[in-house]
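Trainee: Now for the letters of each chain:
Number of protein chains: 2
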Amino acid sequence: MHDVVSAFVVSQGEELLTGLTMDTNAHFLCEVLTRAGLRVLGARTAGDDRDAIAATLVDAARTADVVLCTGGLGPTEDDLTAESVVEAFGGELELNDLAWDQVKARYARIGRTMSPANRKQALLPVGCDVLENLMGTAPGFAVNTSSTRMYFLPGVPREMKEMIGRLVLDDIATRFDLVAPLRHTFRVMGRGESQLQEQLGSLGTRFPGVQLGFRTKMPENHVKLVAAPGEANWESAKAWVREELGDNCFTEDPDEELAAVVGRMLVDRGERVALAESCTGGWVAHLFVSEPGSSRWLERGWVTYSNESKTEEVGVPEGVIAENGAVSEEVARAMAEGCRAHAPVDWGVGITGVAGPTGGSPDKPVGTVWIAIAGPSGTHARKLRLGRDRTANRRFSAFIAVEMLRRQILRLNAG
Amino acid sequence: MHDVVSAFVVSQGEELLTGLTMDTNAHFLCEVLTRAGLRVLGARTAGDDRDAIAATLVDAARTADVVLCTGGLGPTEDDLTAESVVEAFGGELELNDLAWDQVKARYARIGRTMSPANRKQALLPVGCDVLENLMGTAPGFAVNTSSTRMYFLPGVPREMKEMIGRLVLDDIATRFDLVAPLRHTFRVMGRGESQLQEQLGSLGTRFPGVQLGFRTKMPENHVKLVAAPGEANWESAKAWVREELGDNCFTEDPDEELAAVVGRMLVDRGERVALAESCTGGWVAHLFVSEPGSSRWLERGWVTYSNESKTEEVGVPEGVIAENGAVSEEVARAMAEGCRAHAPVDWGVGITGVAGPTGGSPDKPVGTVWIAIAGPSGTHARKLRLGRDRTANRRFSAFIAVEMLRRQILRLNAG
Chain A
1 MHDVVSAFVV
11 SQGEELLTGL
21 TMDTNAHFLC
31 EVLTRAGLRV
41 LGARTAGDDR
51 DAIAATLVDA
61 ARTADVVLCT
71 GGLGPTEDDL
81 TAESVVEAFG
91 GELELNDLAW
101 DQVKARYARI
111 GRTMSPANRK
121 QALLPVGCDV
131 LENLMGTAPG
141 FAVNTSSTRM
151 YFLPGVPREM
161 KEMIGRLVLD
171 DIATRFDLVA
181 PLRHTFRVMG
191 RGESQLQEQL
201 GSLGTRFPGV
211 QLGFRTKMPE
221 NHVKLVAAPG
231 EANWESAKAW
241 VREELGDNCF
251 TEDPDEELAA
261 VVGRMLVDRG
271 ERVALAESCT
281 GGWVAHLFVS
291 EPGSSRWLER
301 GWVTYSNESK
311 TEEVGVPEGV
321 IAENGAVSEE
331 VARAMAEGCR
341 AHAPVDWGVG
351 ITGVAGPTGG
361 SPDKPVGTVW
371 IAIAGPSGTH
381 ARKLRLGRDR
391 TANRRFSAFI
401 AVEMLRRQIL
411 RLNAG
Chain B
1 MHDVVSAFVV
11 SQGEELLTGL
21 TMDTNAHFLC
31 EVLTRAGLRV
41 LGARTAGDDR
51 DAIAATLVDA
61 ARTADVVLCT
71 GGLGPTEDDL
81 TAESVVEAFG
91 GELELNDLAW
101 DQVKARYARI
111 GRTMSPANRK
121 QALLPVGCDV
131 LENLMGTAPG
141 FAVNTSSTRM
151 YFLPGVPREM
161 KEMIGRLVLD
171 DIATRFDLVA
181 PLRHTFRVMG
191 RGESQLQEQL
201 GSLGTRFPGV
211 QLGFRTKMPE
221 NHVKLVAAPG
231 EANWESAKAW
241 VREELGDNCF
251 TEDPDEELAA
261 VVGRMLVDRG
271 ERVALAESCT
281 GGWVAHLFVS
291 EPGSSRWLER
301 GWVTYSNESK
311 TEEVGVPEGV
321 IAENGAVSEE
331 VARAMAEGCR
341 AHAPVDWGVG
351 ITGVAGPTGG
361 SPDKPVGTVW
371 IAIAGPSGTH
381 ARKLRLGRDR
391 TANRRFSAFI
401 AVEMLRRQIL
411 RLNAG
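First to last, the protein sequences are chains A and B.
Start counting the first sequence at 1; every next residue gets the next number (my numbering).
Start counting the second sequence at 1; every next residue gets the next number (my numbering).
Any given hint could be a false lead.
Put simply, identical chains are the same to the list, so a pair is met inside one copy or across any two.
[Unchecked claim] When the alpha-carbon atoms are kept at most 30 Å apart in a straight line, the in silico BS3-like pairs for lysine-lysine are as follows: (1) K364 - K120; (2) K120 - K224; (3) K217 - K364; (4) K104 - K217; (5) K120 - K217; (6) K383 - K364; (7) K383 - K238; (8) K383 - K217; (9) K364 - K238; (10) K104 - K238; (11) K120 - K238; (12) K120 - K161.
Keep in mind the hints are simulated off the structure, nothing from the lab.
Put together the whole structure using the sequences plus the hints.
Mentor: Here it is in structure tokens:
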């Protein structure tokens, strides 16, 4: 059994405490440290107050083996990190030659002139290790206290993340005997968290040593397994979950989106899709085009927002709209089939609904959405009854449409 | 001068420290407390460890006048809040009759049967004030320590937010002599944060007592003014900033999106727009349709992803594509003008570019995007040179297109 290496995360900046900025850095660091095998014991946000920052750093160093602190490295007066470090742990600041060269080189590279304030960014605690910032002007640094390795990184997320990957994780791994836990993710459509809980809740007793976790990313759910390195039950636990989830799991790659999975399935079949979207207003197109290489499977899309455009673009007969209303199974089917008729594609998607917050009627209340998928073996339509939130309704409808397309392709693949 | 009422925010849950869940509650509470006139001195995340939670609560109560703690009120063993409160401040837990009635009533209302574990949710510190949860099963509660009013709320964001609005803010306001600060927001396109800093940085010396803040929401920037209630310089500071920003400020309503402003301008003119999007893949449509009532100004859109669709849908001549390439000023112009020719609209938007991460060429590298706006007085086109990030390129292009449309309408309005 390895000793657990503990960590503490400090975020610094008055804008975090006034709610002007959301602290995404702490979340990122908690995730990345946990993945690397550390146990995060706590996280703390401090404002632009030197005494408060110093007290927070002392407390963090007392708590954990590794401390990561973001923010407060800039050139202005409210950037107080280096001063707080010497207040907390003693020592003095000096102009660090290496850091100063890095700041100057960075300014030269981006062709900007420096102000006298930039010199402050190279005033670092005597004896610290400089961490070069390749994407911004503020160098980071690391110090050792009697018990703790402390890293100080810029608050700009992309600068911080790049430095974590290039410099910090390796440094932690070489200083501590880290072994990352086993982790596996199943991404699921079509089952809610409580259904998954009911279906998979016995995992811990079936496979002792394997932990089960859930994360909802509406309308998706992620099932997560975690175990200590070398856990004997690991493979059988994964196989059991895989069997239980069946087709509801669309990928076991934690970073693969539903739209990417569908794109891959279409490319494998050599087929393409066109989209006729009304209430989703291009959201499905947006999901597809978010995936690199989407031109291989997305041929085109229409945002047929007006009734005229439904008729003119994808050939929904005026009479069908007049008879059934724009939000109807008939119109959704005609839109999906019109995609296939009006573009050189194998698959068509039609979506029409009342996104809200107003515009509903007694028989078609806000949240009523019809989705149709037209494909090589016919057209399949489904009605959704959603809530009153416009954005949630549109998001949900777009994802369900992509999922319905996946189901239809799966059915064809199964023969 | 009022005494400042201080606050401290505690978030509880192991899933926050392992990075499984992002803590949006702390951000929400920091913002809402600051708006209400409190000064948030710090925020702390604790895991599922009773001693650590108790120590965090003791420290929070020592620091601030008001403490808000979310999470840990559920029925399971890792829900430790009530136990931690008595460990931290003494006293005992008892079955709280009021809370127990609320739990039972909630289960009856949603028609679910209770498990024995639910009784735990009504085991609260003797003498606490119960805070009814109308959207979930876990009641909240509040206690007074010698110096501090402490609120304990569920971790589920919608439950917590509803209780903050209905119960907590009023309770704080009646216990403390709160006066909310003056706040004003200018939402800006077309100027970066450093440009704004340079232009507006003298505000503090021009108008003592008024503070300036920035928030970047790429590619937008928000300029924020804050002052104490009754500040004499308030109106003149706002007027100065308004004058400086001119047309770069598209709204002074902090909640109004750029797409809503453009929609309002179009409705005022009785005009509509159609969209031909390639690399943005429906993102502009998505921005427009996100606004309720968008059917009044968005007539239709095309995601003309393939070359054929550019020709077939909006009439871009094949020769123009062959001669200039799909990513060119000529094609963008033809797409924008094709919108006006192929739909009953006054305005057309054409966007074509290399979103990346691959697909560039030496003369059209990744990040090259052409945007054209066709309107009643001609067509205006602009080239963007963006970076290598596909999502950032697409987001940026979509917002710039909406902003270009706003500029063209402004120009017409100015006559």
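Trainee: Of the hints stated earlier, which fail here?
Mentor: Hints 1, 7, 9, 10 and 11 are the ones this structure does not satisfy, whereas the remaining hints hold.
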